[in-house]
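Q: Assemble chain B onto chain U, guided by the hints.
2 protein chains.
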Amino acid sequence: MRIPLDRSNGIPLYQQIEAWLRQNILSGGLPTDTRLPATRSLADELGVSRITVQNAYAVLESDGLILTREGSGTFVAPVPRLGWAEEVDGGDWPLWQAQFEGQAAVSPPQTRHPDLISFTGVGDPRHFPFREFSRTIQEVLRRDGTAALEYGSFDNGHLPLRETVIHILASQGIQSRPEHVLITSGSQQGLALVCQVLLQAGDVVLVEKPTYNLALELFRSLGLKVVGIPVDRNGMQVEELEPLLQQHCPRLIYTIPNFQNPSGACLSSARRRQLLALADRYNVPILEDDFAGDLRYEGRSQPAIKSFDPGGRVIYLGTFSKMLMPGLRVGYLLAHGPVFEQFVCQKRVLDLTTTPLMQRALDRYVTIGRYQAYLRRSVRLFRQRRDAMVTAVQRYLPEAAFSIPQGGLFLWLKFADGFSSSRLLPVALSLGVEFAPGVRFFADSAEGEPYLRLNFASCTPQEIETGIRRLRQAVETLS
Amino acid sequence: MRIPLDRSNGIPLYQQIEAWLRQNILSGGLPTDTRLPATRSLADELGVSRITVQNAYAVLESDGLILTREGSGTFVAPVPRLGWAEEVDGGDWPLWQAQFEGQAAVSPPQTRHPDLISFTGVGDPRHFPFREFSRTIQEVLRRDGTAALEYGSFDNGHLPLRETVIHILASQGIQSRPEHVLITSGSQQGLALVCQVLLQAGDVVLVEKPTYNLALELFRSLGLKVVGIPVDRNGMQVEELEPLLQQHCPRLIYTIPNFQNPSGACLSSARRRQLLALADRYNVPILEDDFAGDLRYEGRSQPAIKSFDPGGRVIYLGTFSKMLMPGLRVGYLLAHGPVFEQFVCQKRVLDLTTTPLMQRALDRYVTIGRYQAYLRRSVRLFRQRRDAMVTAVQRYLPEAAFSIPQGGLFLWLKFADGFSSSRLLPVALSLGVEFAPGVRFFADSAEGEPYLRLNFASCTPQEIETGIRRLRQAVETLS
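For the record, the sequence lines run as chains U and B. Residue numbering for the first sequence follows the numbering used here, beginning at 27 and increasing consecutively. Residue numbering for the second sequence follows the numbering used here, beginning at 27 and increasing consecutively.
Incorrect hints may have been included.
Every beta carbon over 10 Å from chain B, so not counted as near; a handful from chain U, in silico [what the hints assert, rightly or not]:
| no. | residue |
| --- | --- |
| 1 | Gln-49 |
| 2 | Thr-65 |
| 3 | Glu-268 |
| 4 | Ser-446 |
| 5 | Arg-495 |
To give an idea of the interface, some chain U residues facing chain B are shown, with a C-beta separation under 7 Å as derived from the structure [unchecked claim]:
| no. | residue |
| --- | --- |
| 6 | Thr-58 |
| 7 | Thr-60 |
| 8 | Arg-161 |
| 9 | Glu-176 |
Hint data in this document are derived by calculation from the structure and do not stem from the laboratory. Ideal Cβ placement from N, Cα and C applies to all residues, glycine included.
In isolation and in its complexed conformation, chain U is listed as follows (with noise of 0.2 Å):
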């Protein structure tokens, strides 16, 4: 127990460890029953003679702080608990961090609807095969002990899990191999990792607007600038793309072609071919984030623009989250070409590697003929709930324009100019309903106000008719 002394400061060491020791088990950092060191041993430790500390316990076991139990040592009292230490003094920050203040971006918290319908998770967790996934992680306990628990190697993550990566891939229309494939944690990190490779603060970056909020958070948090091209039905409107090229010489372009997040849009196929083909003339890496590809609901699917990739000019980034469960954070990058390796060494300098444990279990559990199963069952599901949520928008909405997705997990509403989303937010949430408003997926959040974007795809289809009529209730409420 390394306890801070200042031998300098005139106060008894006795006292110093006593105070230390009572303000600790009084605010509960010491918790009941924590065993303290014996006598002897924190004498030592601390550099004090042993009636100091004998002292020290001896004030503290009269005040029934701390009580000792004959042979087994002393241990802290059952007291009542003041709560936690008291906060350091806000005014005496040094003056490095005031650059910070005021600064923070967390919203109040808000007392929560006991019967809260959120139209802003990513799947649906009810329809997880938890048991079989739980089962599969004792499998792994099992079969591989600690290895499953140790660093593995820092390279690009556990091969076999590499190796279904690429049949995944193979069913999605990409042919690679597993030494391109670098394992993640989450497709978030492979994002963050390709901008700290790729891009220095001050690089632009082309994106769609909107685009994925915590993609643009992560472009303001590295000093990005960030340049929009507009979506429409068709995706991103690359035939705009060319000018913004000559004029902001982007170092990246970020793009999710299909079912887009969040205006739901599927980039067409002229539009794929387009976009390559600028990209290789203007030198421009592009970043296809394939986040949900697979979950098309109807119509001609479109090839991930890797697959048309000569070499080189597309790094892929994919995910388990949306086909299984958010909390697994294990993703994956496939990209070609010497900066392959930069990836995977910027991997480890970020977090070493991925969860071992999680990578093991996601191996043992994917099979392709079970990514193909639970792919089908997700379609059915979801898109029986992007329809119930059309019509429910339909009937209590009306005002809202929007284009039905044929894939995803997003409705992307539009509400007349003037509407403001973010300010409908706190009172939809009061009357038990959640969305995510557009503001966050805007780099100029005030674009975003007209706008909100719901997930059809985590609620049973009464949740959604409940939701929306919700929603219904807190536009009345605004206006």
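A: Then chain B, alone, in the frame of chain U:
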């Protein structure tokens, strides 16, 4: 199955489909028993006629690559695999990849000695109560259900685990509150996000010389300038600090005050206070990496620098990896003041959240009592191993100079000038012993040639004796 088709190249679509499937089946991308889509649904998906798909399947079936099982569908047949798809030709990388060419830092694969003794690990996996921890994981899955595999909230981590961290910190002399703790994906992530929030490319970071190799790799990847302060038996030579602060205006001081990695030195109490005072005077944040602060085998303990912090000067990093298992990938960061919220935001853009299952399992497993008991066992075991290594080195490598560390994991040997530990490594590996060459621990790697770092905690005394004997052989082979 999103097969990429080209409608403009004149090759019949059925041939394109057939060729694509054939290639993927032969390369192993689509393994045996993968179910192919029904002809009608693949036709719909690709926007071709059903007869086109039927023709493609017919050719593949007559070649024995796929087979139809009456009533259950079409599957990939068991065929000899020709190996993963061909490499993309490396000659045609886009121009933007040129900067990464030849930068690959991967060491050539070596045939592993059948009975390699490695002095490079962290703790000893054989010593980890694996069964108990496996049971804990299963209990958490049973107790929490899918919640253990969902995102949780994107805040500073699972609250009960943060409370546990406060208890552990209290036993280390640091008093704080759960709202100042951020759970990270290992302490490496803590290090990364502190640097990313506080520093920009070109900024100077002051470090001990030598210092932790993956910190150096991180600094390099972020484009930081590294200025080193030599270490002696009492840690960083803080007396040398002031002129460096004046000359280089560093934006961060990174220190490992306890059983420093790699030198094993422990920063004296006087120097701790002096370091804090200087950092305060020159307005520089301190990042205190306390990766093994509790692993003391003798001598007087030193309170963490964080325990003297009057408020917001010191950012403290801790980890469960060294005490338990490295593959858990859970660490924590303690910080005060407005900067804390920035760390929380940066953590979110880096990887959203740390695997919830691991956070919950750790919380359930690590009680303060268990932590203390585990620590006592580790101290007993590792002290013996340190002594065994000291004896073996004195016997077999009498020419190596070193200080006996009072705790931690490492022995840091210095050979004569002109000695090259990086040339020694391949020889040592071929003789069945592994160590970390000194070059990894210096910003200017040449300075590290005479040094090597040995981890004594992960091997038994017998293994240590054998390993050091092999190292003797290696030294002789080299000279």
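Q: Would you say U/Glu-268 is clear of chain B, with no C-beta pair closer than or equal to 10 Å?
A: U/Glu-268 clear of chain B: closest Cβ-Cβ about 17 Å, beyond 10 Å.
Q: Taking the shortest Cβ-to-Cβ distance between U/Thr-65 and chain B, state whether it exceeds 10 Å.
A: U/Thr-65 is indeed farther than 10 Å from all Cβ atoms of chain B, at 15 Å.
Q: Does U/Glu-176 hold up as a contact with chain B if the rule is Cβ-Cβ below 7 Å?
A: 5 Å, holds
Q: Tell me if the interface restraint on U/Arg-161 is satisfied: Cβ within less than 7 Å of some Cβ in chain B.
A: Status violated, d = 9 Å.
Q: A cut-off of 10 Å on Cβ-Cβ distance, and U/Ser-446 was said to be off the interface with chain B. Does that hold?
A: 24 Å, holds
Q: According to the definition I'm using, a residue is off the interface if its beta carbon is farther than 10 Å from all beta carbons of the partner; does U/Arg-495 meet that for chain B?
A: Answer for U/Arg-495: holds, closest chain B Cβ roughly 26 Å.
Q: Mind verifying the non-interface call on U/Gln-49? Its CB should be farther than 10 Å from each CB in chain B.
A: About 7 Å separates U/Gln-49 from the closest Cβ of chain B, which leaves it inside 10 Å; violated.
Q: Does the interface hint hold: is U/Thr-60 within less than 7 Å of chain B, judged Cβ to Cβ?
A: 5 Å, holds
Q: Closer than 7 Å between Cβ atoms is the bar; does U/Thr-58 clear it against chain B? Give me holds or violated.
A: 10 Å, violated
Consistency note: the structure conflicts with the earlier hints numbered 1, 6, 8.
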